[in-house]
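> Protein chains in written order, with my numbering: chain D, 9 to 299; chain R, 9 to 299.
Any given hint could turn out to be false.
A pair holds if it fits inside one copy or across any two, identical chains being indistinguishable in the list.
27 angstroms max Cα-Cα, derived DSSO-like pairs, lysine-lysine [claimed, not checked]:
hint, residue 1, residue 2
1, K21, K32
2, K59, K21
3, K32, K59
4, K158, K266
These aren't lab readings, by the way, just hints derived from the structure by calculation.
There are 2 protein chains.
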Amino acid sequence: MFFIIGLGLCDEKDITVRGFQAVKGATRVYLEAYTSILMVQKERLEVFYDKPLILADRDMVETQSDTILNKADVEDVALLVVGDPFGATTHTDIILRARALGIPTRVIHNASIMNAVGAAGLQLYQFGQTVSLVFFTETWKPDSFYDRIKENADLGLHTLVLLDIKVKEQSDENLARGRKIYEPPRYMSVPLAVRQLVEIESIRKEGVLGPEKTLAVALSRVGGGEEQRIVAGTLADLAAQPEDAFGEPLHSLVIVGKRLHHLEVEYAETFAVDRERWRDIAGNVYGCALD
Amino acid sequence: MFFIIGLGLCDEKDITVRGFQAVKGATRVYLEAYTSILMVQKERLEVFYDKPLILADRDMVETQSDTILNKADVEDVALLVVGDPFGATTHTDIILRARALGIPTRVIHNASIMNAVGAAGLQLYQFGQTVSLVFFTETWKPDSFYDRIKENADLGLHTLVLLDIKVKEQSDENLARGRKIYEPPRYMSVPLAVRQLVEIESIRKEGVLGPEKTLAVALSRVGGGEEQRIVAGTLADLAAQPEDAFGEPLHSLVIVGKRLHHLEVEYAETFAVDRERWRDIAGNVYGCALD
Chain D
9 MFFIIGLGLC DEKDITVRGF QAVKGATRVY LEAYTSILMV QKERLEVFYD KPLILADRDM
69 VETQSDTILN KADVEDVALL VVGDPFGATT HTDIILRARA LGIPTRVIHN ASIMNAVGAA
129 GLQLYQFGQT VSLVFFTETW KPDSFYDRIK ENADLGLHTL VLLDIKVKEQ SDENLARGRK
189 IYEPPRYMSV PLAVRQLVEI ESIRKEGVLG PEKTLAVALS RVGGGEEQRI VAGTLADLAA
249 QPEDAFGEPL HSLVIVGKRL HHLEVEYAET FAVDRERWRD IAGNVYGCAL D
Chain R
9 MFFIIGLGLC DEKDITVRGF QAVKGATRVY LEAYTSILMV QKERLEVFYD KPLILADRDM
69 VETQSDTILN KADVEDVALL VVGDPFGATT HTDIILRARA LGIPTRVIHN ASIMNAVGAA
129 GLQLYQFGQT VSLVFFTETW KPDSFYDRIK ENADLGLHTL VLLDIKVKEQ SDENLARGRK
189 IYEPPRYMSV PLAVRQLVEI ESIRKEGVLG PEKTLAVALS RVGGGEEQRI VAGTLADLAA
249 QPEDAFGEPL HSLVIVGKRL HHLEVEYAET FAVDRERWRD IAGNVYGCAL D
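So here's chain D without its partners, still in its complex pose (with noise of 0.2 angstroms):
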């Protein structure tokens, strides 16, 4: 049997008693790599499993799942990704290639940020599509999510953004000369998101991403309790914060939708870096009724 688990969103107290069953029967535990630079360390999870762990970069997931996949008809071999199995980054690809090997896949789910995000108070159901926003070069600055947040907020929907993450970049140095030398791990901050984001607006000018007039709220390393930091205001508020107010990596941000129920404004309020404002550009410009 080949089982994918799930880990959850922050440490390695975050699997399933399911999930951790599965791992402690596995004769090989492959741990997907983006998930040791952004949660725990490899060894933690070690000690915390008894047992090795072989890291799996992203590569080697997507391009030698034959080796991940070695004599799992015949033994139970463990894929460990962050969040859900089929959260931001989906597994289907290896587990189409298990399929047509002929062995049998079980996928153990966790939270992943597309759930849990609703810890910033906002609606499951008021999500539009999701967007990704990649880091922007001098000469390269795709603006596509501007299209999916606007036909979400012509909606009235919120907008769940993904920030960049870069792990295992080369430089074009060492990439032209075939050195595998890699940059150190990159992940994209709110505030420079919300820079990315302004700017996009001030070429487009459609008023989807107006500083001053949208809600927003950021979220970093959700359910993980001391270490979650949620921060709500308008994106000039986000952009006005100190790189440490958003916690360590991993960051997203929610682009507030103008079908904002009351309860979602009272319940993110506590968040808010100016109360009143929050308040103030919900009732006045989202026309929520508010108390």
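Chain R: place on chain D using the hints.
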């Protein structure tokens, strides 16, 4: 501390290790009544935790939350809920109440149908807003879901349709006489849901839910190992299936949007009632480029 702990989607082993430890450390543990009905018996959970549970129905959670929160400022109290605390049913009310009382709260996340629906092989990115479908009666057939599905469909997005649950309903007679006698719980099945969708299509005639030309995926007991069922086909295909094709409740349904990717078609094909028709509609009606 007041803990709200997601139990995930299937049985007692889907709780996270963090959640399990919080249950063990709590002086009182409430179980939201939905949970025991939908997944496992209360007794089975009590054996697993080696601890008594107090049943809390929806009414108690919503209107008598002070009972649950009693002394949670000085003791640890836990409320167990099916799925994730911010999933399809949110628990913002009780958290707001805890805040008002100055009680610290912690949410322990888990999988919910809002993210585990990814098990159908459809990308979570490509879902629009979620809708709910209630049991129709002779005189009450609310159809606002149709407009929401149309909004999603116009953007090419998938729609998750959550099917109605009736728990602790009273008959008109018992209600009139003030007798606290409750009807057995009812869960909407996929075939009934499809009949209701098609009934509204036959009235509205906007082509959003044409039975022969709309692809859908039905899911039940997602994450439940042996009990999980995923069935894909046109709405007509699903309507023609025997009731037991879909397994035990809860059932959910996804209406597939036109932005469908060939990998999604390929993945869900395994679950298709009729693979050839599945591919035919995906290619020729949805315009998906297949091999």
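> Take the hints in turn and mark each one as holding or not.
Hints, verified against the model:
1. K21 / K32: both (14 angstroms within a copy, 14 angstroms between copies)
2. K59 / K21: both (15 angstroms within a copy, 21 angstroms between copies)
3. K32 / K59: Cα proximity of K32 and K59: in one copy and across copies (8 angstroms, 25 angstroms).
4. K158 / K266: Close inside one copy (12 angstroms) and across copies (19 angstroms); limit 27 angstroms.
In terms of the numbered hints stated before, the structure departs from none.
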